[in-house]
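For the record, the sequence lines run as chains L and D.
All you need for this note's numbering is the position in the first sequence, starting with 1, plus 40.
All you need for this note's numbering is the position in the second sequence, starting with 1, plus 1113.
Honestly, I wouldn't trust all of these hints.
[Claimed, not checked] Once the Cα atoms are required to be at most 20 Å apart in a straight line, the calculated EDC-like pairs of lysine to aspartate or glutamate come out as:
1. L:Lys-84 x D:Glu-1391
2. D:Lys-1215 x D:Asp-1137
3. L:Lys-102 x L:Glu-137
4. L:Lys-84 x D:Asp-1348
5. L:Lys-84 x D:Asp-1137
Simulated from the structure, these hints should not be mistaken for laboratory data.
Computed from a prediction, not measured in an experiment: that's the story for all the values here.
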Amino acid sequence: MDHLDALEAQSIYILREAYKKFKKLAMLWSIGKDSTVLLWLARKSFFGHCPIPLVHIDTSYKIPEMITFRDRVAAEWGVRLVVGQHTQALAEGMGPEKGRVLCCSILKTEALQLLMAEKGYTGLILGIRRDEEGTRAKERIFSPRDRNFEWNYKDQPPEFWDQFKTDFAADTHIRIHPLLHWSELDVWRYIRREEIPIVDLYFARSGERYRSLGCLPCTGRIKSEATTVDAIIEELERTTTSERSGRAQDHEDTYAMQKLRARGYM
Amino acid sequence: MTDTLTPPATARESMSVVLVGHVDHGKSTLVGRLFYDTGSLPDGRYEAVARVCEDTGKPFEFAFLLDALEEERDQGITIDTAQARFRTDRRDYVLVDAPGHKEFLKNMVSGAASAEAAVLLIDAAEGVQEQSRRHGYLVHLLGIRQIIVAINKMDLVGYSRETFERVRAEYLAFLGELGLAPRNVVPVAARHGDNVAAPSKQMPWYDGPTILEALDHFQARPERRHLPLRFPVQDVYKFDHRRTIAGRVESGTLAEGDEVLFSPSGHRGVVKRIERWEARRTGPAEAGESIGITLTEQLFIERGDILSHPSHPPRVSQRLQARLFWLGNRHLAAGRPYVLKLTTQEVTCHLEGIGPVVDTATLAARAQSEVAKNEVATVTLYLNKPIAFDAFTDMVETGRFVLVDGLDVAGGGIVLEPVEGDYSI
Ligand SMILES: Nc1nc2c(ncn2[C@@H]2O[C@H](COP(=O)(O)OP(=O)(O)OP(=O)(O)O)[C@@H](O)[C@H]2O)c(=O)[nH]1
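Isolated chain D, as found in the complex (with noise of 0.2 Å):
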């Protein structure tokens, strides 16, 4: 990979975790607990903590080590994540805690999306709620895979094996539904840290891994590099005499010498050289990193282009077919324009057709005409003009998209397989 060798240190291994779940069932409170077991927090925190509590005439809460705004800590809402960095022997991590309100989807959304692995946390004595089914149905559909849940309070319901059973039973039957099978689902205190770092004394009939324990068993994001090269053109700069074209290696590799094919544009080109500026790494580029490349010949290319290898292109299309969530305050609806952004592209599109719009708390299907916030539906969109892409279960990274409404990103959307034909309201 690099010529050097890496310290130690810098070469052990980083993972980012969300933590989702219903509003007020624990989730800041695991978080914070995580954050004082492992022995990660700053000295003082715990103290200042205990200080705002006992100023304000509240029991010590762990969660408080994590809610920092004042307002958070008021009304004991998450309104935005927060994070916590802590290790272990096996890796460092980023325990991400995303909001548990229903009105700040988004910001859950923005936490979770670039997490590698989450956990779902529940109640054990509210039991399944409207928030736990949302998110684990956006978890599945920002492809999260790796998953475990936490049914936390046991505390509340006497550490009771029958009650763990049911409420693992029922969310593992919605779970299934959307064909996820967590690889853990284990009960926890996390006020009191009942098998959180370690093992619960109240809970001898559970012999499966504490919380800590369970995240070591995810697995690293698997390398990207032996995928079918993506490149998307972010910017040409001609800072000198070279005309570089900028961007990320999103998957694959690219070499010099290799013959390359822009999509949606269609020009084909050869790389002469791949451009870094004081790197440690040489040699061909591999997924992730970001480069500069120069042409043999010298080529029209804009923004938005998305290189390959030609014996494996992207699709290029004028239409698309996703499934997407909404979060934006107005309906998607048909009429509207809406700039739809997929890599560096940007193209303004039209809905053209909705398949049916599914309740993700409840899974329910039905026929409307217009998507609202925080619903999924299976959507038809006609572009201005082609774009290049993949379908998301082939391609992660260009087969995802948001849409813009007015100022500001109001959706997200997975690319499916195209269906010949199915493209009616």
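Just chain L, with the same shape it has in the complex (with noise of 0.2 Å):
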């Protein structure tokens, strides 16, 4: 087994887990490369079935091409797609000019909380890495949630030798991370190695290319000549800027992402 097998076998284990033990299960799929790299891990866990219903949050600031894709790939590989959306927040105006953090918060944050409350998930799959970001290094692979959506990073349960935290209590739910030990890299030698589909969006166009997604006006794209999976791999071997620079959330303040992320945010 190579380095990418074990990835491959750590991550169908988690999955695995936690299908036998949530009733009411959800995975994320933000159309990004890791959860479309958790979808098809998804599938090969269960054999080709992705018994597990996807959920996107879109913000309606998402870039078209990745709705295209969304609805392309849904359709091409028959999983059951439940699209989030806060239209009340929407209405009421809410959008990045009225500060970023907070549209993070209402449009992805709480269009989540809405849509979990009204689907009654106990159990929602995230394609997070440890590597992304520091508050994210310190997650759990099955972390909690209380009744409000924050996580106490502060004072997190125990979890050794793949036993993890299936038990919790009413009105609380936990956050399930199949992806949290691979790196950026791992994810696209994966990808190469697998052949699978990933948006367009992350190949170079006209000198620049989106290295993470996420709402048009939020996410900027870097200088990049890569056209292929090959060429993005041999970038990101040499390249030593941090994969979420071009998003705006994360450099509001020093600790934006961590109080983001304390409130729910994935």
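Dock the two chains into a complex; use the hints.
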């Protein structure tokens, strides 16, 4: 077993634990590379099926290609797609000009909160990775959230030997992170090996590409000539810039991401 | 192994190493330093930390490269584990920075449990402290056998060889009592980079490896495919006409046509097919793989059963003898039910007997009727029904378990060889 085989086997193990232990389970699909890899791994875990519904939180500010890609792949792979949108906040004029951190916490976090309450999900699978940024590095694979969606990062339950937290109080939920141990390069090398379809926005057009995908107003492109997966891997092997450097909400203040995530941001 | 050629980049070995030690002895600084000295820092990270330090009127802290939470930087302590990735010519590393404060022992265990090797770090000026011993003990209990010791802050003791030798002797004596022998003991000054990635000019008397070189001397985890087969059933799927038994091969190999024994249920069956979807691997499944199997005959199989080859079955019993560490706020005590989880088996159990309870900081053993947080004890557990397991020394994956108290994992244990009649309090 090589490195990618080991990562894959561990993620499958986690996904199968989640599926076994949670009756009301959903998987967040942001249409980005990580959650698309996650979807692929779910199909591996369940022998070509994806018995877990996919949730996409559509802020209405998403890059249009993302929505096209989402609908095409969902149809091809026959997955159950649940789209959540905070229509009320949008009607009241919520948008990035109201403040990026506020916008994120309403159109993403609160929208997710409303959808989860409506559907009664108690387990939510997300494609976050420890190497993305400092607070994610501290995450557990099975990570509890309280009834207000809050993450108590100062007092997390122990987690070892692949024995996960699957018992929880009513009104709380568990976030499940099957890609926590992957790096950005691992993800791309796996995409190459498995030939997983990925939205075009990651590939360079006119000397620029997206390295991380979010909402149109708040996600920047990086200078890049990488038009293929191979070229992206080569670029990442050389780069020293961090992956989320193009995501505006991370840079609002030093601890912006910690605050967003403590309140339930994904 | 695989039939296609793997590109060299993915064939690189990856190793997870945990850094443990007493609070403030400089773990985060050492990890930050390794991160920095190997050129692995993302752009702007160094500058961002320099800015935070300047704003708060503090000297530059390498530890801040790792400690990401506001509370961690304000108090200068690590609350939960952080990690740094870097590479040497030999392999890729994930270095896990575990918290040193006693209160966060559960986080230290969470970070250390999956590591293949450990660096135990001690402040030269303070010498061996309570958590230096506790962490040494837990690292040993978790089964980590590859360790090095770093004696840090050598600048504070004038780079003195005598001090180094004294701290070294004291700690080696403690580790020796546990049966642990570190490969190297390295004098370092993490803040200044002495003997971290480059040899120190301040300590010409030391001619051993730097921390980075010592890491490269660690050996990769031995392959588990030559051990007897253990395949715990994780779930049984029926998405189509097939009944697929899903699970991960924990050790050994499993091939089509193999006769297998299910324990504890006692069923026997023959493997019809190894099921994979879009997999690059074909043929027998080996340790580490998450797969599915179908059987030639339909049997009623449930999550928890462990498949083995009948010639090398696991043990089955309703009683377990274990060495257990406790992390829960509520003491482990007789009369209360706990859920024991061993691989995918789950069973309610009760504490039947307690042997000596060890204070892991002093190794002093006392007779007690309960086990408190951060204590280690030899216990006998009585289970509601029999389960399948192995002794930890024979088989790691099926020889360890956790105990759940209420909603949370509150302790972990390793299964000992059963000793006849040794069940008394
Ligand atoms: N003089 C000197 N100070 C050091 C050295 N290494 C670390 N320190 C200082 O020791 C203090 C504690 O260092 P940390 O790296 O935060 O300690 P830690 O072991 O990670 O602490 P916890 O994770 O909270 O247990 C900081 O102020 C460091 O600057 C060293 O080599 N020399």
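Hint by hint, here is what the structure shows:
1. This hinted pair checks out: L:Lys-84 and D:Glu-1391 have alpha carbons roughly 7 Å apart, not beyond 20 Å.
2. For the hint linking D:Lys-1215 to D:Asp-1137, the alpha-carbon distance of about 12 Å falls within 20 Å, and the restraint holds.
3. A distance of roughly 15 Å separates the Cα atoms of L:Lys-102 and L:Glu-137; the hinted pair therefore holds under the 20 Å criterion.
4. A threshold of 20 Å between alpha carbons decides the hint, and for L:Lys-84 with D:Asp-1348 the separation of about 14 Å falls inside it, so the pair holds.
5. At roughly 44 Å between alpha-carbon atoms, L:Lys-84 and D:Asp-1137 are farther apart than 20 Å, so this suggested pair is violated.
Of the numbered hints listed earlier, the single one contradicted by the structure is hint 5.
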